[in-house]
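Student: Listed here are the chains, written in short residue letters.
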Amino acid sequence: MDSLTTVATDVLVIGSGIAGCFAALKAREIGADVVMVEQGKSGFSGMSTGGTHRVRVVLPDDDFEEAMKGTVMECEYMVDQDFLQEALVETFDRLRDLLNLGAEFRRDESGNIKWYWADTMLPDFKQRNAMWEPVGSYKHILKINKQVVRRGVKVFDRVMLVDLLTVNGEVKGAVGFDTRKGDFYLFKARAVVVAAGGFSGGGVGNSPSLTGDGIAMGIRVGAELRGMEFGKAETGGMLPDRGAPPWVSVLLNPQDPEVTFTNALGEDFLDQYELGKRVPGRKYYGPPYRIHLMAALKEIKEGRGPCYVDYRAPDKAARLRQFWGSFFDRTLRQIKVTGTTFDKMKYELAISRGYNLGGGIRITPQGQSSVPGLYSAGQSSDMCCVAQYCIVSGMMASAITARRAGGNAAQYALSQPEPRIDKEQVKSLKRQIYAPLNRKHGTAADELRMKIIKTWVNVDIRNEDRLTTAHLGFDELRQEADNLAATDYHELVKCHKMSAYIECSDAVAVAALARRETRLEHIREDYPLTDNKNWLKWVIVKQVGGKLTGLLEDIPFGRWKYRPESRIIDRLQLAGGNCD
Amino acid sequence: MIEKVDEILCINCGLCENICPTDVLRRDGKKIHIAYPDDCCSCMECLSICPMDAVILNGKIPRKFDSRLRWEQIKEGLSRQRENSKI
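In the order they appear, the protein sequences are chains A and B.
Quick note on numbering: my numbering labels position 481 of the first sequence as 497, and the sequence is numbered without any gaps.
Quick note on numbering: my numbering labels position 31 of the second sequence as 48, and the sequence is numbered without any gaps.
It should be emphasised that the hints constitute simulated quantities derived from the structure, not laboratory data.
Fair warning: there could be bad hints in the mix.
Among the chain B residues that face chain A by a calculated CB cut under 8 Å, a handful are [claimed, not checked]: (1) G31; (2) C37; (3) H50; (4) Y53.
No farther apart than 25 Å at their CA atoms in a straight line, the calculated lysine-lysine pairs in the DSS-like style are these [stated by the list, open to error]: (5) A/K155 - B/K92; (6) A/K577 - A/K467; (7) A/K456 - A/K443; (8) B/K48 - B/K21; (9) B/K47 - A/K159; (10) A/K159 - A/K142; (11) A/K204 - A/K443; (12) A/K170 - A/K155; (13) A/K439 - A/K204; (14) A/K197 - A/K549; (15) A/K197 - B/K21; (16) A/K563 - A/K553; (17) A/K162 - B/K92; (18) A/K293 - A/K317; (19) A/K549 - A/K577; (20) A/K197 - B/K47; (21) A/K142 - A/K85; (22) A/K197 - B/K48.
Being a predicted model, the structure only gives us computed values, none of them experimental.
Built from N, CA and C at the ideal position, the CB exists for glycine as well.
Just chain A, with the same shape it has in the complex:
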């Protein structure tokens, strides 16, 4: 705890997932000195070892215009079209990068990449996808990580960075501690890339991972967040008696025609809606939030809740295995080891579906945040507002944003002088970081986590009252987080994770309160219409006077090609979409 390790570098990359690696590689290519810091073990932690199973690719010969149009529609016009235009072209290059770095995709008999075609919102356009082989495995990221080390990036494992250092409003490094020995680390850098993963409401299973540590670091130095309202923490998956275990979502698809949605009376409530009907032969039902969750919300409102999603069907296990084969080894193993059986797969439908948060630190198409010297990529960033919904499955969007952030951070870094760190700032941050260890009587991190999850239930169904309750609740918990106590360094990690978790949760509540309409996964009970007349706006969340505030900003549609045709949309009545 008393020892200090100081590391000086050009570019500091926080996080060693797919985004961290791509940012580090690009920055190194430009000639910058790069240090990559990982809180767990690089190659084995992060979202990229989890459920991702496909990347969307647009090949040079594909219909680019259709891909662009379909993607913008899928993002419900929220995405930064300047970014998307360039990003779609880049998908092919990033796929080649992934292959060169050693990642593997499913191939056909002749050894070429096997393409899977996904239906989209455009009736005549199908999107090209490549599947990882195997899925949900650390093997890809481990190989990419080895390349990162080979190319001269210094990697620090088991070091948790807690706060960014600022000099005259510019980010110039970060401080943290060794999660095992507790040594204090000071990283001086000319530019920082935050690629510390997303925020998924307490993470996978029991462990407190994906608590939005990177996003919280950004909040504290005054960075703007965007798109936080799109996507919610996965309360359904975390509460022991509700929702599907996280890995189930990888292999079970709510769009599968065999899956049924029932209310508390056992009725198939989707039958009332034109677009929700299960018609044999019909393949595309749209993303679940579009109709299913709206309908479920209506059922709950009218007293027929809770609603369930029922994955049970004869021979389901055999058919799933036939489709997935052996290639999602981890999920299959998890199912085997945990004793999950397919005949019990009926889960309460949580209106909050998002295990994949839409927002994060606001970045420009070049990967720069609103704070000089701070760059962001991957799930920590907003991916130019919800771009990960579409170009994606996270991985592709992470690779694209990271390469841009890494490159621009390196160029910025090389133009900057040696940073002069304020010693007083470091001292005070050090005191704050180790403070939970000095408290004998305080709240334990796990205890606080349960409280946060319980507060999250208010965000599950969103209306003014419930969101205000949640916002006030998170504010109270923030005070409680100042009184966290830790017995060892492992507990200290969890304490800082809980603080970050509260910051991000509050940012979601603030953004959700600000957006008074329904769009994407942001479903408001009191404003159930998608309002393209008044709400073609981004909600920006930032710290103003110590409090998180939601600000509105018009989306610059003037210079973009695609604009919504209809003005006000009621998802439940639509059979075409327009009810102006």
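Since the structure of chain A is provided, determine the placement of chain B on it from the hints.
Tutor: Relative to the frame of chain A, chain B by itself:
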């Protein structure tokens, strides 16, 4: 959730402790012990990397020891074991 590391099978190579993403396992003298069982995220990487099949999750041992398939893993485990015993 991780249940135990079989003391008889474990050769104390430390591979599991090295890779655990949530930092659950620790090497304590000549033994691997589960320091923070509640934080296990059931990713099962320890189970995959263990050359001796000593890690037990949810009371189940999912596969049999097959030295032919995992020779590289065992070699690495044994070399690490030698290194560890020097210290």
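Student: If a hint holds in the structure, say so; if it does not, say that too.
Tutor: Quick rundown of the hints versus the structure:
Because the beta carbon of B/G31 sits about 12 Å from the nearest beta carbon in chain A, more than 8 Å, this interface hint is broken. With a cut of 8 Å, the hint placing B/C37 at the interface with chain A holds, because the nearest CB-to-CB distance is about 7 Å. With a cut of 8 Å, the hint placing B/H50 at the interface with chain A is violated, because the nearest CB-to-CB distance is about 13 Å. Because the beta carbon of B/Y53 sits about 6 Å from the nearest beta carbon in chain A, less than 8 Å, this interface hint is met.
Simply put, A/K155 and B/K92 have alpha-carbon atoms about 19 Å apart, close enough for the 25 Å limit, and the pair holds. For the hint linking A/K577 to A/K467, the alpha-carbon distance of about 46 Å lies beyond 25 Å, and the restraint is violated. Annotation: proposed proximity of A/K456 to A/K443 holds, straight-line Cα distance about 22 Å (limit 25 Å). Proximity of B/K48 to B/K21 is assessed by CA-CA distance (about 12 Å); at most 25 Å being required, the pair is judged to hold.
Distance check on the hinted pair: B/K47 and A/K159 sit about 31 Å apart at the alpha-carbon level, beyond 25 Å; violated. Of the pairs offered as hints, the one joining A/K159 and A/K142 is violated, with about 31 Å between alpha carbons and a cut-off of 25 Å exceeded. Taking the CA atoms of A/K204 and A/K443, the gap is about 14 Å. The hint holds against a cut of 25 Å. Straight-line distance between C-alpha atoms of A/K170 and A/K155 comes to about 21 Å, which keeps the hinted pair within the 25 Å bound.
A C-alpha spacing of about 12 Å is found between A/K439 and A/K204, which places the hinted pair at or below 25 Å, so the restraint holds. Pair hint A/K197 plus A/K549 does not hold up; C-alpha atoms about 56 Å apart against a cutoff of 25 Å. A hinted pair counts as satisfied when its Cα atoms are at most 25 Å apart, and A/K197 with B/K21 qualifies at roughly 24 Å. Between A/K563 and A/K553 the CA atoms are separated by roughly 22 Å; this keeps the pair inside 25 Å, and the hint holds.
A threshold of 25 Å between alpha carbons decides the hint, and for A/K162 with B/K92 the separation of about 20 Å falls inside it, so the pair holds. Restraint check for A/K293 and A/K317: satisfied, since their Cα atoms lie roughly 21 Å apart, inside the 25 Å limit. Of the pairs offered as hints, the one joining A/K549 and A/K577 holds, with about 17 Å between alpha carbons and a cut-off of 25 Å not exceeded. Our distance criterion of 25 Å between C-alpha atoms is met by A/K197 and B/K47, whose separation comes to about 19 Å.
Pair hint A/K142 plus A/K85 holds up; C-alpha atoms about 12 Å apart against a cutoff of 25 Å. Simply put, A/K197 and B/K48 have alpha-carbon atoms about 19 Å apart, close enough for the 25 Å limit, and the pair holds.
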